[in-house]
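If you're matching them up, the sequences are chains A and B in order. Under this note's numbering, the very last position in the first sequence is 117; numbers go up by exactly one each time. Under this note's numbering, the very last position in the second sequence is 112; numbers go up by exactly one each time.
Heads up, some of the hints might be wrong.
As the list claims (entries may be wrong) - Far from chain B, by Cβ distances over 12 angstroms, these chain A residues were calculated:
1. 14
2. 19
3. 24
4. 26
5. 74
6. 76
7. 80
Unchecked claim - Chain B is faced by these chain A residues, among others (derived, beta-carbon under 7 angstroms):
8. 44
9. 93
10. 108
11. 110
12. 111
No lab work stands behind these hints: they were computed from the structure. For glycine and all other residues, C-beta sits at the position ideal for the given N, C-alpha and C.
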Amino acid sequence: GAVVSQHPSRVICKSGTSVKIECRSLDFQATTMFWYRQFPKQSLMLMATSNEGSKATYEQGVEKDKFLINHASLTLSTLTVTSAHPEDSSFYICSARDPTSGFGGYTFGSGTRLTVV
Amino acid sequence: QKEVEQNSGPLSVPEGAIASLNCTYSDRGSQSFFWYRQYSGKSPELIMFIYSNGDKEDGRFTAQLNKASQYVSLLIRDSQPSDSATYLCAVAASGGSYIPTFGRGTSLIVHP
Numbered sequence: 001g002a003v004v005s006q007h008p009s010r011v012i013c014k015s016g017t018s019v020k021i022e023c024r025s026l027d028f029q030a031t032t033m034f035w036y037r038q039f040p041k042q043s044l045m046l047m048a049t050s051n052e053g054s055k056a057t058y059e060q061g062v063e064k065d066k067f068l069i070n071h072a073s074l075t076l077s078t079l080t081v082t083s084a085h086p087e088d089s090s091f092y093i094c095s096a097r098d099p100t101s102g103f104g105g106y107t108f109g110s111g112t113r114l115t116v117v
Numbered sequence: 001q002k003e004v005e006q007n008s009g010p011l012s013v014p015e016g017a018i019a020s021l022n023c024t025y026s027d028r029g030s031q032s033f034f035w036y037r038q039y040s041g042k043s044p045e046l047i048m049f050i051y052s053n054g055d056k057e058d059g060r061f062t063a064q065l066n067k068a069s070q071y072v073s074l075l076i077r078d079s080q081p082s083d084s085a086t087y088l089c090a091v092a093a094s095g096g097s098y099i100p101t102f103g104r105g106t107s108l109i110v111h112p
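Given the sequences, and given the hints that come with them, work out the whole structure.
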C-alpha cells in the first residue's frame, strides 16, 4: 500500500527559530499533499494543500508567511514553521493520496510533535 | 460550512463486545466516507472506506452508510483491548475534491 514518510518525529526548538518538516511519498507520486495540525483531544485541522510545482493553498486563518510550504518534487513536500512560538506547539501531520487508489482514502505520515520552548 | 460530528466519548465496552461508533455529516454532496484509527501520540491509519449505502464488512469491522440520514457508523465485533484508540470519521465531497473533513473523533476503551 501507499506509504508516506514524515520526519522528524519529534522536535524541540527555541522560540523565534524555524523548523522544517519533511513529507515524502515513498512508493507513489503525489502531485498534492496535505498538511494538518492537531491539538490535544482535537480533530485534525487542514492547514494547507501543497501542490507540486505551484503555490500552496492555505486554509482560512492559516498564515502563509509563517507556515511556508514547498512542494519541489512529486514525492516531497516540506513545511517550515518560521519564527516559532509556544502556541505553535502541536502535532503536525502530512497526508497524501495515491492517485491510483481511487476512493481509497488518504495515507498519513507518522506525524511530527513540535514543542516550542 | 461542512461539519462532521462525533460523540467524543469515551465509549467503554468490555472485551468481546460489539463497539458501535457513530458519525453524522452536514454536506449532502458527500460521496466518500472514511474511518481512521488513531492511537495516542500517533497519526491516523485508515481502517475502512465506504461510498455506497448499506454495509461494508472487513474482518471484525463493519461500516454502515445511510446517505438519506447523513449517517455513517463503524461496528467493531469481538472488541479487543488493542482496539482502544480514537476513531476518526472523515467525509469527502464529490466533484473532484476529495479532501476529507474530519470529525473530532470518538475515544474507545475496551476493558478486559
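For each hint given before, does the structure comply? Return the numbers of the non-compliant ones in rising order. Every hint satisfied by this model.
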